[in-house]
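**Student:** Chain by chain, the residues:
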Amino acid sequence: ETGVTQSPTHLIKTRGQQVTLRCSSQSGHNTVSWYQQALGQGPQFIFQYYREEENGRGNFPPRFSGLQFPNYSSELNVNALELDDSALYLCASSSTGGITDTQYFGPGTRLTVL
Amino acid sequence: ILNVEQSPQSLHVQEGDSTNFTCSFPSSNFYALHWYRWETAKSPEALFVMTLNGDEKKKGRISATLNTKEGYSYLYIKGSQPEDSATYLCAFFGVDQFYFGTGTSLTVIP
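Going down the list, the sequences are from chains A and B. The first sequence lines up with residues 1 to 114 when you count with the numbering used here. The second sequence lines up with residues 1001 to 1110 when you count with the numbering used here.
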């Protein structure tokens, strides 16, 4: 059983650019959630995808968007990058997305916006 | 945005000491509380999922309790070992999403 993987590990972008982060869920999991962890903060919920549909969204603007694919891998896209988007981005997969389901996290992608 | 607080922010203990830290959350609209252990350069690892007031969970030397009426959970580590050094995060599910605390960073000194 493979764990949750994320790519790339690190990324540097400039303000105004667009970025795509990728997540490969644990085998058999159909739900993925994305989180942003800014320096000194706890992870903040961005959105969740369940069977390729968005299934809940946190307090993030529309320039944060996502996709989930039939194999349940997913992407987080951020347009018009701002300096405050610099953070660690985590994805977590779970079997059904239920609130008592264990979430399995990836190691994260560190995004730096200059 | 709901407020989840963890204390202390950081903790240094000697090997063999027992320790505990706190996660405080709103006592209304409680659905679930998750605890995670996060070692540097690794992925957060789930420790416990807690749902009922009075829940007690145990995994080896680590245990947790839950009080939903007063809005807190305690995590205990008995006989700390250097490999317990990590950040311990709690996540409260309230109404619509998970709200994470900022974590307690534990360093166990050999």
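Just so you know, the hints here were simulated from the structure itself, not pulled from any lab data. We put the CB at the ideal spot given by N, CA and C, even for glycine. Keep in mind that the hints are not guaranteed to be accurate.
To be verified - Every beta carbon over 10 Å from chain B, so not counted as near; a handful from chain A, in silico: (1) Thr14; (2) Gly16; (3) Gln17; (4) Ser24; (5) Arg63; (6) Phe64; (7) Glu82; (8) Asp85; (9) Ala87; (10) Ser95; (11) Ile99; (12) Asp101; (13) Val113.
Said to hold, decoys possible - Derived pair list, reagent style DMTMM-like, types lysine to aspartate or glutamate, alpha-carbon separation capped at 20 Å: (14) Lys1057/B - Asp101/A; (15) Lys1058/B - Asp1084/B; (16) Lys1042/B - Glu1083/B; (17) Lys1059/B - Asp85/A; (18) Lys1042/B - Glu1056/B; (19) Lys1058/B - Glu82/A.
**Student:** A separate judgement is required for each hint: does it hold in the structure or not?
**Tutor:** Verification of the hints:
Distance check for threonine 14/A against chain B: the nearest CB is about 26 Å away, which clears 10 Å, and the non-interface claim stands. A cut-off of 10 Å between C-beta atoms confirms that glycine 16/A is not in contact with chain B; the least separation is 27 Å. Distance to chain B confirms glutamine 17/A as a non-interface residue, since its nearest Cβ pair spans about 27 Å, more than 10 Å. Taking the minimum C-beta to C-beta distance to chain B, about 13 Å, the non-interface status of serine 24/A holds against the 10 Å cut.
For arginine 63/A, the shortest C-beta to C-beta distance to chain B comes to about 19 Å, beyond the 10 Å cut-off, and the non-interface label holds. Phenylalanine 64/A, annotated as away from the interface, keeps every beta carbon of chain B farther than 10 Å; the closest lies near 14 Å. At roughly 19 Å from the closest C-beta of chain B, the C-beta of glutamate 82/A stays outside 10 Å, upholding its exclusion from the interface. Interface exclusion of aspartate 85/A from chain B stands, the closest Cβ pair being 18 Å apart, more than 10 Å.
Against chain B, the non-interface label of alanine 87/A holds: every CB pair exceeds 10 Å, the least being about 13 Å. Listed as outside the interface, serine 95/A is consistent with that label: its C-beta sits roughly 12 Å from the nearest C-beta of chain B, beyond the 10 Å cut-off. Annotated as non-interface, isoleucine 99/A brings its C-beta within 10 Å of a C-beta of chain B; the closest such distance is 5 Å. Remark: the non-interface label on aspartate 101/A conflicts with the geometry, its nearest Cβ contact in chain B lying 8 Å away (cut-off 10 Å).
In this structure valine 113/A is separated from chain B by more than 10 Å, as the shortest Cβ-Cβ distance comes to about 22 Å. A threshold of 20 Å between alpha carbons decides the hint, and for lysine 1057/B with aspartate 101/A the separation of about 16 Å falls inside it, so the pair holds. Using a Cα cut-off of 20 Å, the hinted pair lysine 1058/B and aspartate 1084/B holds, with the two alpha carbons roughly 15 Å apart. A distance of roughly 13 Å separates the Cα atoms of lysine 1042/B and glutamate 1083/B; the hinted pair therefore holds under the 20 Å criterion.
Between lysine 1059/B and aspartate 85/A the alpha-carbon distance is near 36 Å, which puts this suggested pair outside the 20 Å criterion. In summary, the hint linking lysine 1042/B to glutamate 1056/B is not supported, as the alpha carbons are separated by about 27 Å, beyond the 20 Å threshold. Taken as a hint, the lysine 1058/B and glutamate 82/A pair is broken in the structure, with Cα atoms around 43 Å apart against an allowance of 20 Å.
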